[in-house]
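Each chain is listed here by its residues.
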Amino acid sequence: MSIALDTSLEEMQAIARRIRGRLVQMSHKAQTPHLASSLSCVDILVAAYWGALAIDADQPHDPLRDRLILSKGHAATTLYAALQARGFFSEEILDSYGTHGSILAEHPSPNSAPGIEAGTGSLGHGLPIGLGMAVAGRIQQQPYRVCVVMSDGECNEGSVWEAAMLAPAQKLERLVAVVDYNKWQATGRSNEVMALEPLVDKFTAFGWSAYETDGHDIAGLVDLLRNVPDGSGKPVAIVAHTVKGKGVSYMEDDNNWHYRIPTEAEVASAHKELGLA
Amino acid sequence: MRNAFAAEITAISQEDPRVVLLSGDIGNRLFDKFRAQSPERFMNCGVAEANMMGLASGLAMSGLRPVTYTITPFTTTRCFEQIRVDVCYHEVPVIIVGTGSGLSYAGLGPTHHSCEDIALLRSLPGMTVLCPADSWELRALLRAAVKHNGPVYMRIGKKGEPAVHDCLPEVEIGKGLVLEKGTDVCLLSTGNMLPEVVAAAAQLKSQGISPQVVSMHTVKPLDTELLSTVFAEFDVVATVEEHSLIGGLGGAVAEWVVDQPWTPRAKLLRFGCEDMFLHESMEQEHARERFGLTSHNISEQCQDWLARRRAGLRLGAA
Numbered sequence: 001m002s003i004a005l006d007t008s009l010e011e012m013q014a015i016a017r018r019i020r021g022r023l024v025q026m027s028h029k030a031q032t033p034h035l036a037s038s039l040s041c042v043d044i045l046v047a048a049y050w051g052a053l054a055i056d057a058d059q060p061h062d063p064l065r066d067r068l069i070l071s072k073g074h075a076a077t078t079l080y081a082a083l084q085a086r087g088f089f090s091e092e093i094l095d096s097y098g099t100h101g102s103i104l105a106e107h108p109s110p111n112s113a114p115g116i117e118a119g120t121g122s123l124g125h126g127l128p129i130g131l132g133m134a135v136a137g138r139i140q141q142q143p144y145r146v147c148v149v150m151s152d153g154e155c156n157e158g159s160v161w162e163a164a165m166l167a168p169a170q171k172l173e174r175l176v177a178v179v180d181y182n183k184w185q186a187t188g189r190s191n192e193v194m195a196l197e198p199l200v201d202k203f204t205a206f207g208w209s210a211y212e213t214d215g216h217d218i219a220g221l222v223d224l225l226r227n228v229p230d231g232s233g234k235p236v237a238i239v240a241h242t243v244k245g246k247g248v249s250y251m252e253d254d255n256n257w258h259y260r261i262p263t264e265a266e267v268a269s270a271h272k273e274l275g276l277a
Numbered sequence: 001m002r003n004a005f006a007a008e009i010t011a012i013s014q015e016d017p018r019v020v021l022l023s024g025d026i027g028n029r030l031f032d033k034f035r036a037q038s039p040e041r042f043m044n045c046g047v048a049e050a051n052m053m054g055l056a057s058g059l060a061m062s063g064l065r066p067v068t069y070t071i072t073p074f075t076t077t078r079c080f081e082q083i084r085v086d087v088c089y090h091e092v093p094v095i096i097v098g099t100g101s102g103l104s105y106a107g108l109g110p111t112h113h114s115c116e117d118i119a120l121l122r123s124l125p126g127m128t129v130l131c132p133a134d135s136w137e138l139r140a141l142l143r144a145a146v147k148h149n150g151p152v153y154m155r156i157g158k159k160g161e162p163a164v165h166d167c168l169p170e171v172e173i174g175k176g177l178v179l180e181k182g183t184d185v186c187l188l189s190t191g192n193m194l195p196e197v198v199a200a201a202a203q204l205k206s207q208g209i210s211p212q213v214v215s216m217h218t219v220k221p222l223d224t225e226l227l228s229t230v231f232a233e234f235d236v237v238a239t240v241e242e243h244s245l246i247g248g249l250g251g252a253v254a255e256w257v258v259d260q261p262w263t264p265r266a267k268l269l270r271f272g273c274e275d276m277f278l279h280e281s282m283e284q285e286h287a288r289e290r291f292g293l294t295s296h297n298i299s300e301q302c303q304d305w306l307a308r309r310r311a312g313l314r315l316g317a318a
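Heads up: the protein sequence lines correspond to chains A and B, in order.
Each residue of the first sequence is one higher than the one before, counting from 1 in this note's numbering.
Each residue of the second sequence is one higher than the one before, counting from 1 in this note's numbering.
Chain B extracted, bound-state conformation (with noise of 0.2 Å):
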């Protein structure tokens, strides 16, 4: 994905002049056309990511559009109160991209990790929230994001994620994106957890269960207009995210829904990372796997949950 990110963000840039890089001293070699195209609009902040924020805030209240760029935990958690004070409560359209969110970076330890920006990104006010499954939506979201007139946040995989979209699709900041229809269990991803839940959906299939995938980019604003509709039609709905259970997209759509004045007759289950730091060694594949964040393990608990539900659906008719 951070290819993609830095192939768009130069032609975005030949096309829009306001448009500014700032990098927290990553990305070596990664904007090198960006900055033989436009050396004035880029600059290398140093690993210094509060002032990086604060000098992006100063950027967008002189009318560019800065986009900040390094490594997710350094540009959400580290720098938090200039996100908060600097970016939110000034309302300035500052695009903020992590990169190698969640688990991307497992094998780095949990310094590296980050599965709980979403948590915190989406409490702010006035920011939107922005999680690409793929380099494709990236692309697509990182248009939106230099269009839309308020702080963003992306959060973005790595390198060598694979594609679940073969060409641009057309995305809208608060809609989610139906890849596949279906009538029994609702698979509601947001991020790089894309490419799994596709392949539950293709295991829930083989047993004769119809599966609907719902990419959710965008975390905040929720599409409660889908929500809603999925909630009325289906039996079980399920939500997938590389980041904590709290305060996730998982932890977003459980308040919306609690919040509701009707009963929903779907049961909601969320998959995501516990509640603790990975302490020992391991890949992303593996950090993945010890939260559940398997085809299998969704597929399985998907399937055992819509018995259970139609199961209980008899018992309350009879």
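In isolation and in its complexed conformation, chain A is listed as follows (with noise of 0.2 Å):
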């Protein structure tokens, strides 16, 4: 499968700006929380389905599509808005999350949407399904990537760690994972409640061939997934330095916007600061 990936880079940031916007106006819309985690991953999602998979929004299912698996679930509003504007459906779907019987759950359902490749909510979970995905790539001798994006909280999970000891046993060199490491979980400094430090070491020890980059560097994220195999023989891991709530300064390394709704003022003041009003 192969696609044309000619988003400029000012396209892109101008795509993860809109949809910052979006994701505050969902979270007010919905009542839902989990804001500040769905904005500190925008710009690794805008990387990955603008500038690096190999994806067809008209081929959801396409068996040679690369796959992008949010194990970090509860940032269910930046997938949903990211796979609307990137073509897998429509604005009145987008719309309805939050609704009363809409397909868009808090939390992403398996095969609710197109696009999405695992329900997840669950931490831990995302990173053992896509070692299985890129298992079947390997018998099937299909060669795709699996990138599975991770929260650094969810990093607390043995599944991740089981995980992470058995793909480079298998020398998985299509799959990548992406830590959106922005420091909090959800009561505290991620590296304080766990001895999370240091983290890249830690995947590099385990066998992985392991970058860190800045999490909001669109360019620089698009180079490390596009390298993915990177010719090490490794799985590639990524640990992607963000800030939570990235985007609204008021929000921004407050972890009281992990679980805070904004007011209709709060959204009308982030679209101001995001260019969007």
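Mixed in with the good hints, there may be bad ones.
[Said to hold, decoys possible] Derived coverage of chain B by chain A (criterion: at least 3 residues anywhere in the stretch with Cβ under 8 Å from a Cβ of chain A; other residues may be distant): (1) 57-66; (2) 118-132; (3) 206-218.
[Claimed, not checked] Simulated restraints on C-beta separations: (4) P63(A) to K147(B): 47 to 55 Å; (5) P221(B) to E252(A): 50 to 58 Å; (6) K33(B) to E91(A): 34 to 42 Å; (7) Q170(A) to P221(B): 51 to 59 Å; (8) T187(A) to K33(B): 36 to 44 Å.
[To be verified] One-sided and incomplete, this derived list gives chain A residues near chain B with beta-carbon spacing under 10 Å: (9) Q59; (10) P60; (11) P63; (12) E117; (13) S122; (14) G126; (15) A164.
No lab work stands behind these hints, which were simulated from the structure alone.
We put the beta carbon where it would ideally sit given N, CA and C, even for glycine.
The task is to assemble the complex, starting from two chains supplied on their own in separate frames and drawing on the hints.
Structure follows, in structure tokens:
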């Protein structure tokens, strides 16, 4: 499967801004939490969907497509807004988020909308599932790549490290794990709740080809993601340093926005900051 | 049973290129033939069952038919979350095979016993629960499981269990296998208790009682057609399982029967394990004795209840 990855960096940055505006509005309209977690991974998903992954919105089940699993399912709105903007489903479906009977729930449900590769919400599930998809690609001789986006808090889960030990043993070089490392988990600093650091070294020690980057530098993310497999014969880990609540000044690095829901006035001021008003 | 499993899954994998075998670091040399024939479709996932279950789901989502294999508690209770979310929530055809089920590994202690697995697994939406009685049933059910387009849990024994069948039985998922027809007491056996149940039936016959013997190899979905008939026609129906009395076959049958709009003719007796861990060291035979899972106890209880039932019916008629 080949695709034209011809979206310019400026366009991707504009898409990211529009998605951020959308997320703030969705959180307010549906009265759903996890807005700051959604904002922190926007650039990662934009870089993947517009800059790196071989996907075709008209053929969401193409066996040769690259797969992206949003393992931090609580950032579902980012996944929904990105897939909609990428053409996987309609504006009407996105608008239905949070309404009674909508196919778009607070956490992504399996096979609910085109482009959703796995149902997530409980943490630590995406990497093992993605590992299975990568093994299936090898067995069926389909050279697709699998990208799993996790949160730093999610790395508390033992299943992440079970997968982290098996993937290098199996030399799954088409598997890439991206950690949205915003330094917070639900109720505390992620490196204080658990000894997460040194995170890059952990992945390296487990046998991954590990990189770290600014998780809001779309160009840098695109370069790293396009470079998978990177020739090392190892799975690739990208520790992406991010800011929770990125893009809205009064939400940035304030963990209250893990749960807080913006008021109408806050939505307006956020849109103004993002240049969308 | 585990040798039969290894032989049959190896044979099936030659016919069906979708079959992938995942082991949780057990079965030393058991799968040598499978590995030699299809090295790309065998993977030792290590002692990491949660990951193995997620991995299996990823394979199934990609069109393959993964079969996970390890000791029962480790592939059920340890990774129940992954079975629930990755397998059942996604409705994918993963076949979960637990070996050494029930009290098969009695001597290894309660960490290796599994008397809760049927209860847990049957509570999951879309899950099929299969408990083959012997190697022949295992082979037949494994073939049916690979053809089934949804999650399957198969609870098998260890090795050297006596065979009840002498050839491959014709099985259908969800349909009890009637081994012997009778009129007085209906014995519903699941899994490796069948040889004991056949012995109990022989003891009943020697007392002039006519037993019916059914291998209820499928606990979910229940064969409700068969249950409707036996609860209407028999005076005593007994369930027998190497599993807790909470939530196993007996629990499933009891739930079903109280939900029916009619009053059953039959008294339901349930034979299974008590709500306790076996702390002392003992072999399977003695563990079964502890819980009354012997042909002698089953036949005695059935005789006793049959007599009580019939006396009650006579009183009722008078």
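Structure-based check of all given hints:
Residues of the stretch 57-66 of chain B lying with their CB closer than 8 Å to a CB of chain A number 9, which satisfies the three-residue condition for coverage. With 0 residues having a beta carbon nearer than 8 Å to a beta carbon of chain A, the stretch 118-132 of chain B misses the requirement of three or more and the stated coverage is violated. Only residues whose C-beta sits within less than 8 Å of a C-beta in chain A count toward coverage, and the stretch 206-218 of chain B has 0 of them, not enough to reach three; the restraint is violated. For P63(A) and K147(B), the hinted distance range of 47 to 55 Å is not satisfied, since their beta carbons lie about 22 Å from each other.
Range check, P221(B) to E252(A): Cβ separation about 53 Å, and the 50 to 58 Å hint holds. The given range of 34 to 42 Å is broken by K33(B) and E91(A), whose C-beta atoms sit roughly 56 Å from each other. For Q170(A) paired with P221(B), a C-beta distance near 36 Å fails the hint of 51 to 59 Å. Hint check: T187(A) to K33(B), Cβ distance near 52 Å, so the stated range 36 to 44 Å is violated.
With its C-beta approaching chain B no nearer than about 16 Å, Q59(A) sits outside the 10 Å limit, and its interface hint is violated. Given the 10 Å rule on beta carbons, the hint for P60(A) is violated: about 13 Å separates it from the nearest Cβ of chain B. Hint on P63(A) holds. Least Cβ distance to chain B is approximately 7 Å, under the 10 Å limit. With a least beta-carbon distance of about 8 Å to chain B, the hint placing E117(A) at the interface is held under the 10 Å criterion.
A least Cβ separation of about 5 Å between S122(A) and chain B falls short of the 10 Å threshold, and the interface hint therefore holds. Hint status for G126(A) relative to chain B: holds, with the closest Cβ pair at about 8 Å, below 10 Å. Satisfaction of the interface hint for A164(A) is found here, the shortest Cβ-Cβ separation to chain B being roughly 9 Å, below the 10 Å cut-off.
Violation of the numbered hints given earlier is confined to hints 2, 3, 4, 6, 7, 8, 9 and 10; the remaining hints are satisfied by the structure.
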